[in-house]
Amino acid sequence: MSTPMNPIDERLCEQLCAYMDGELPADEARFLERRLANESALRAKWERMQLASACLKGQSFRPMSMQLSRRVSEALATPAQSPSRRWRVWATAASIALLALAFAPRMFQSGSSDHGIGQSVPMLASQRSAKPSPSPASADFVAIESTSGNVTTTVAPQVATVARPKPAPAHGGTDAAQTLASASDSPSQFPLVESGVSKSWPRAELSGAANDPSIEAYLVRHNQMLANDGLGGFVPYVDVVTNTPTPATDAGDDSQ
Amino acid sequence: MGENELDLELVKRVQRGDKTAFDLLVLKYQHRIGAVIGRFVHDHAECQDIAQESFIRAYRAIGNFRGDSQFYTWLYRIAVNTAKNHLVASKRRPPTSDVDAEDAEHFAGATRMHDNDTPEHELLRQEIAREVSATVAALPAELRQAITLREIEGLSYEEIAETMECPIGTVRSRIFRAREAIDARLRPLMDSERVRP
Chain L
5 MSTPMNPIDE
15 RLCEQLCAYM
25 DGELPADEAR
35 FLERRLANES
45 ALRAKWERMQ
55 LASACLKGQS
65 FRPMSMQLSR
75 RVSEALATPA
85 QSPSRRWRVW
95 ATAASIALLA
105 LAFAPRMFQS
115 GSSDHGIGQS
125 VPMLASQRSA
135 KPSPSPASAD
145 FVAIESTSGN
155 VTTTVAPQVA
165 TVARPKPAPA
175 HGGTDAAQTL
185 ASASDSPSQF
195 PLVESGVSKS
205 WPRAELSGAA
215 NDPSIEAYLV
225 RHNQMLANDG
235 LGGFVPYVDV
245 VTNTPTPATD
255 AGDDSQ
Chain F
24 MGENELDLEL
34 VKRVQRGDKT
44 AFDLLVLKYQ
54 HRIGAVIGRF
64 VHDHAECQDI
74 AQESFIRAYR
84 AIGNFRGDSQ
94 FYTWLYRIAV
104 NTAKNHLVAS
114 KRRPPTSDVD
124 AEDAEHFAGA
134 TRMHDNDTPE
144 HELLRQEIAR
154 EVSATVAALP
164 AELRQAITLR
174 EIEGLSYEEI
184 AETMECPIGT
194 VRSRIFRARE
204 AIDARLRPLM
214 DSERVRP
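Residue numbers (this note's numbering), protein chains in the order written: chain L, 5 to 260; chain F, 24 to 220.
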């Protein structure tokens with residue numbers, strides 16, 4: 005060690021010698037360990053005794069710097085994250101970001117409507133069929149509300165917002181037809197899915213999609229949401245392409 | 024409690040957060056680990072850096088050490104891997120063959136396994152070995168026998184007491200006096216910054 009040597013008590017040296025061989029009683033060992041923690045001269049003696057022991061046993065050795073143990077101690081005193089821990093931190097952050105990306109659109113959309121996030125509760129599809137149809141909160145709720153306020157068609161989303169409940173139509177097919185008739189020609193108000201018409205697979209027709217007014221309506225809303233919060237476009241698109249249009253009598257029931 | 028049990032005890036203390044215990048393990052094994060790394064890396068400064076990195080890695084991984092092997096064997100593997108990684112990182116080719124820790128210690132001509140050391144360090148190493156041997160040879164017979172039975176034969180104090188037909192306290196005292204004599208010769212060599220950079 006680089007610190008100046010102090011004379012060490014001979015009894016302490018004898019204890020150190022026995023400690024090195026594992027022959028020191030436990031109580032004396034605890035006392036010695038406290039001295040070792042505080043006396044560099046004693047630690048230097050420990051090092052020399054260990055080197056002599058290795059030499060006597062014929063073990064190969066290479067004299068290392070007097071500063072090595074100090075450098076190791078200093079490096080360990082510096083809080084550093086191991087690569088695996090750093091990786092875990094990054095993985096956790098990425099997971100949180102992914103979750104935020106997945107759920108933020110719905111939160112923002114709920115917040116952007118006239119009812120708060122706190123009023124939104126998840127609801128299963130089977131529950132929705134027994135309850136009044138929810139009012140649309142955003143474009144991922146593709147229920148169409150006409151200008152007269154009549155709720156007509158609901159394509160069930162994964163999570164419904166139970167707020168401002170309105171009575172569900174008794175027979176969605178008839179109402180859907182009325183809605184289609186009453187909807188303006190504006191793409192933003194055109195129903196995304198005609199609930200009364202059951203499509204065969206593929207649900208979103210590729211041929212002639214450019215002329216499909218529901219696709220156009222979706223795209224308009226999609227772009228509007230992107231302009232609002234920058235996040236809202238992805239999940240609603242999933243809703244639109246994965247939900248099966250249900251018969252008018254069971255509007256709002258997401259059986260898949 | 025033998026030497027390995029002492030190592031395990033120190034490791035347990037380190038696992039409980041006692042850095043002083045780890046410092047004792049570093050002081051105990053640094054020269055032997057230096058010899059291990061010296062087989063891979065020629066430059067002494069590089070060797071010191073790799074030894075430091077090895078001990079840091081060992082400290083950070085010591086929570087995984089369960090005592091299934093000897094602590095030195097575990098540390099030896101860390102040092103070898105650190106040295107190999109260092110060579111790969113510096114675009115040098117690590118040796119394909121390897122030597123186990125136990126074999127390396129008793130390899131015939133082990134003293135010649137690190138010819139790549141600098142003349143100064145090789146001289147110091149030889150001087151240390153020579154001083155230790157000369158001191159033991161000059162010890163009174165009872166001290167020499169006690170230290171030989173302990174260090175070379177690996178007997179416990181109780182076994183040495185039986186062999187030498189004396190109390191354990193006497194064995195402890197004899198071993199201590201023998202080590203003190205060796206230490207008196209080693210201290211000038213080890214405490215010199217000039218000789219031991």
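These aren't lab readings, by the way, just hints derived from the structure by calculation. Heads up, the beta-carbon is just placed ideally off N, CA and C, and yes, glycines get one too. Any given hint could be a false lead.
[Said to hold, decoys possible] Derived CB-CB ranges, DEER-like:
no.: 1; chain 1: F; residue 1: Glu150; chain 2: L; residue 2: Ala45; range: 21 to 29 Å
no.: 2; chain 1: L; residue 1: Arg15; chain 2: F; residue 2: Glu185; range: 22 to 30 Å
no.: 3; chain 1: L; residue 1: Glu14; chain 2: F; residue 2: Arg39; range: 30 to 38 Å
no.: 4; chain 1: F; residue 1: Glu28; chain 2: L; residue 2: Ala97; range: 19 to 27 Å
no.: 5; chain 1: L; residue 1: Phe107; chain 2: F; residue 2: Gly25; range: 35 to 43 Å
no.: 6; chain 1: L; residue 1: Asp31; chain 2: F; residue 2: Glu150; range: 33 to 41 Å
no.: 7; chain 1: L; residue 1: Val93; chain 2: F; residue 2: Ala160; range: 52 to 60 Å
no.: 8; chain 1: L; residue 1: Ala231; chain 2: F; residue 2: Asn87; range: 46 to 54 Å
[As the list claims (entries may be wrong)] Computed footprint of chain L on chain F, listed as stretches where at least three residues anywhere in the stretch have a Cβ under 8 Å from a Cβ of chain L:
no.: 9; stretch: 96-108
no.: 10; stretch: 148-154
no.: 11; stretch: 189-201
The hints, checked one at a time:
1. Here the CB-CB span from Glu150 of chain F to Ala45 of chain L is close to 22 Å, well matched to the stated 21 to 29 Å.
2. Restraint check, Arg15 of chain L to Glu185 of chain F: a C-beta distance of roughly 25 Å satisfies the suggested window 22 to 30 Å.
3. Checking the proposed 30 to 38 Å range against Glu14 of chain L and Arg39 of chain F shows it holds: the Cβ atoms sit about 31 Å from each other.
4. At roughly 44 Å, the beta carbons of Glu28 of chain F and Ala97 of chain L sit outside the given window of 19 to 27 Å.
5. A hinted range of 35 to 43 Å for the beta carbons of Phe107 of chain L and Gly25 of chain F is inconsistent with their spacing of about 59 Å.
6. Restraint check, Asp31 of chain L to Glu150 of chain F: a C-beta distance of roughly 39 Å satisfies the suggested window 33 to 41 Å.
7. Taking 52 to 60 Å as the suggested C-beta distance range, the pair Val93 of chain L and Ala160 of chain F conforms, at roughly 58 Å.
8. For Ala231 of chain L paired with Asn87 of chain F, a C-beta distance near 52 Å keeps the hint of 46 to 54 Å intact.
9. A stretch counts as covered by a chain when three or more of its residues have a beta carbon under 8 Å from one of that chain; for the stretch 96-108 of chain F and chain L the count is 0, and the coverage is violated.
10. For the stretch 148-154 of chain F, the stated coverage by chain L is satisfied: 3 residues place a CB nearer than 8 Å to a CB of that chain, which reaches the threshold of 3.
11. A stretch counts as covered by a chain when three or more of its residues have a beta carbon under 8 Å from one of that chain; for the stretch 189-201 of chain F and chain L the count is 4, and the coverage holds.
Against the hints set out earlier in the document, violations occur for numbers 4, 5 and 9.
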